[in-house]
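S.K.: These are the residues of each chain, in order.
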Amino acid sequence: MNKTTDYYALLGIFRDAPPEEIRRAYLKAVQRLHPDRNVALGETEMFLEVQQAYEVLANPQRRAQYDLNLPREEAHDSPVSMEILYSRSNLVRMGEAQALYVLVDIASNARTGQLAAAPPLNICLALDRSTSMKEKKMDLLKAAAIQFLRRMRPEDLFSVVTFSDKPEVVIPATYQADRQKLEAPIRNIVPSGATEIYKGLKAAYDEVQRGRADGRVNHIILITDGHTYGDENACLELAAQAAEQGVGISAMGIGAEWNDSFLDQLATRTGHTSRYIARPQDIQRFLDDKFNALAHVVADETVLQYTLAEGVRLRYAFRLQPETGPLGVEGLLALGPILRDTRLSMVFELLVDPSALNGERLTLLDGKIEVSMKARTVSAPPLRVRLERPVRADAGQDAPPLPIMQALSRLTLYRMQERARAEAQSGEYEKATRSLKFLASHLSAAGEESLARTVLFEAEHLNREQTFSQEGEKKIKYATRALI
Amino acid sequence: MIRCNNCQYENPPGSIFCSECGAQVISADLTTQNIRTDQVRTAASAEAPDARTPPVYLAADAWGSIHLMDSGQILPLDKRSEYTIGRVSEGQPVMPDIDLTPYNAYANGVSRLHASIRRDGKRIVIMDLGSANGSFVNGKRLTSNSERLLGHGDVVALGKLKFQVLIR
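Chains as they are written, first to last, in our numbering: chain A, 1 to 484; chain B, 1001 to 1168.
In short, the hints are calculated from the structure, not lab data.
Yeah, the Cβ is synthetic: ideal placement off N, Cα and C, and Gly gets one too.
Don't take every hint at face value.
Stated by the list, open to error - Computed footprint of chain A on chain B; a stretch qualifies when at least three of its residues, placed anywhere within it, have a C-beta under 8 angstroms from a C-beta of chain A:
hint : region
1    : 1003-1013
2    : 1092-1106
3    : 1110-1121
4    : 1125-1139
As the list claims (entries may be wrong) - If you want the footprint, here are the derived chain A segments under chain B, 3+ residues with CB under 8 angstroms:
hint : region
5    : 93-100
6    : 298-312
7    : 441-450
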């Protein structure tokens, strides 16, 4: 037996994985590495190793023997490391529900050499070419798309899809053989028709699918300026499917007339976010930012699978960086990519019912994050995420750690904005106005005078018109998000 | 339950910020350091007399400059007629014209957008922009958002960070 081979790491499982999980991991690995299907150099050898690993681990006796000789798991072997901070040192035994905040930080242990090369990209731009995009907006969008194309490296796959009431593949997924030739079709895009996002998204997804590979960063950038009608659910289903396939979707909305809640929801399913582009001149900058982020991905589409203890609720989950935005809270959390030099940090708000506090210690959340490293062919061992706190009779005196305080002070502003919008939506205009006024006073205390004025202005608008203004709601949402 | 002092909303224990009005419901230090302003005031006025003889240095085209008393650094006020002073923090959209971060602004309690200095003809005025720890001229606290005339050699404190104003 080769001493350096850790079969568990090879299959991407925990050392205490039950037999059925070993089998599942094995099947997954061989499907990708089978000599008939694999693409990269060395994958056939890896396939043989995986075979060997499974032969050993599937047999309880041989597994026990193997475990005996296995060197201890060393922290620096893991491609990523994790830090967890809690708002309180212990839970308190009491008769009412209590809140606990947790800050989880994940950083890549990038070692030189191992991750020297940035992973190749497989990107599709899905561009809205509906009538509303005419003239200046369209010209700036085209210019930005061409700039984006020019940044592609020889190993990157790139495609462009436009959509209005029907989709059109402007550039099918290709390597950058002749750039000039590719620029022409972008220049020839003519705006016309209505906005139907599903059709565009589907076409873009098909393009990305054609070049999809695990070693690549597969991504769709959707840029629109309008509402889509009736096909929202189809879009969300497609996003869920994309997430499963490791295809990320980010959305950018230009101007005020698009549905930010919907696009946020869409992107969140794949672990990404929507961005608000107030002025078309900024499209270029946003695309540049996106390119920079994608070129630094070390692990893509990380997903947290978790179970909560009885009586514990996950009330809120939010990613502070790299891409600031909410995380969905149903069963699976798509956390988005891990970048080379930016930590992935998230805040969780948990609510613990008294019924959960029976023992001396409570495991609030037990889960794992499967990390698929772009620079390796077989996944690394998953990261175990276990949030636990001792349970005592009284609360400790120490204040929450500073990073939690800082994160929450900013996050609170964003959540007040969310709250105001939710209140306005359910018809409680007075409450929503009040929430906005609270928000404005906090903003002004934090030195954000101009944003505070925008919020007050919006509060007036809300009071008068009983609805948010399209521009104001986005401005406030994305500006409070940018503060975090 | 933790009752919020600001709006009386009842938050579950363990909460840090009120979910109704966003006010902080537990006590802990945050963002800018809270400092005792009465000490700053006496310190500033005590030093004011002998600080009356400023170093004579002005850039050729500047209408004034600020002389940071701790570091000895001199920052010219030249191109613009109004400068906002504060410190840059990450992810913040508003940028002050003069960033005092390199001079320990954070530890000295300087707000992100703390004060502005403006030239109005021959007059030079300072205005506190609603900072957390206040601005002081020769030890006297300024009222937020109202202008005060500055003279050559005046000692200004933003929180605890002091500088002297030199006017051409």
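S.K.: Could you run down the list of hints and mark each one as holding or not?
M.R.: Verification of the supplied hints:
| no. | hint | verdict |
| --- | --- | --- |
| 1 | 1003-1013 | holds (count 4) |
| 2 | 1092-1106 | holds (count 3) |
| 3 | 1110-1121 | holds (count 4) |
| 4 | 1125-1139 | holds (count 4) |
| 5 | 93-100 | holds (count 6) |
| 6 | 298-312 | violated (count 0) |
| 7 | 441-450 | holds (count 8) |
Of the numbered hints listed earlier, the single one contradicted by the structure is hint 6.
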